[in-house]
Amino acid sequence: MAIKATVFKAALQIADMDRHYYADHALTLARHPSETDERMMVRLLAFALYADESLAFGRGMSNDDEPDLWQKDLTGAIERWVDVGLPDERAIRKACGRADQVVVISYGRAANIWWNENRSKLQRLNNLTVLNLSSETTQALAALASRNMQLQCTLQENDIMLTSAAGMIEIEPVVWQGSFRSANA
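For the sequence shown, counting from 1, position 1 maps to 6 in the numbering used here; every step adds exactly one.
Don't read these hints as lab results, they were simulated from the structure.
Misleading hints may appear alongside valid ones.
Stated by the list, open to error - Derived BS3-like pairs (lysine-lysine); straight-line CA-CA distance at most 27 Å:
(1) K99 to K126
(2) K99 to K77
(3) K14 to K99
As the list claims (entries may be wrong) - What follows is a list of derived Cβ distance ranges for each label pair:
(4) K99 to A171: 34 to 42 Å
(5) K9 to N132: 15 to 23 Å
(6) A171 to I118: 27 to 35 Å
(7) A31 to T159: 32 to 40 Å
(8) A148 to I118: 35 to 43 Å
Please read all numbers here as calculations on a predicted model, not as lab measurements.
For glycine and all other residues, C-beta sits at the position ideal for the given N, C-alpha and C.
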């Protein structure tokens, strides 16, 4: 018998001063059996960074042709493709051909190695943004994970603050390529 996904609920309040986006989102996250709390919470952070009414979780780990998050326009064209982790360079190139903007949020001990191995090929992609989160940040995010979460995310300039009853985290992504939350983000 296959192990089923674990369902997490998140009530996420977003105050994005840069984009003038203020909204409450009731999110349901299905954590794949092989996914860690750390990865799931990075997906949730990615949602907060690029929140939009049309941004949705994809099947990511379950389907190679779908990202962790994506935003489509009314015609079904992909406006934004977001992957977390250390995706294959060929998959990133393919995503850049399918979407207007592609964002990779890398994390983990191997992130620097992954970036050094792929940098020269990825820097040719004009619609790609690569962000990196420190291990301390992602471990602190994992500590906030619970089956029913109440989270508040405040974004202003490059400052991100995520708060819950379990604590508060200040998040500072490092931009490896592209621009962090450009004006049209």
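Going through the numbered hints above, which ones does this structure break? Give me the numbers in ascending order. 3, 5, 7 and 8
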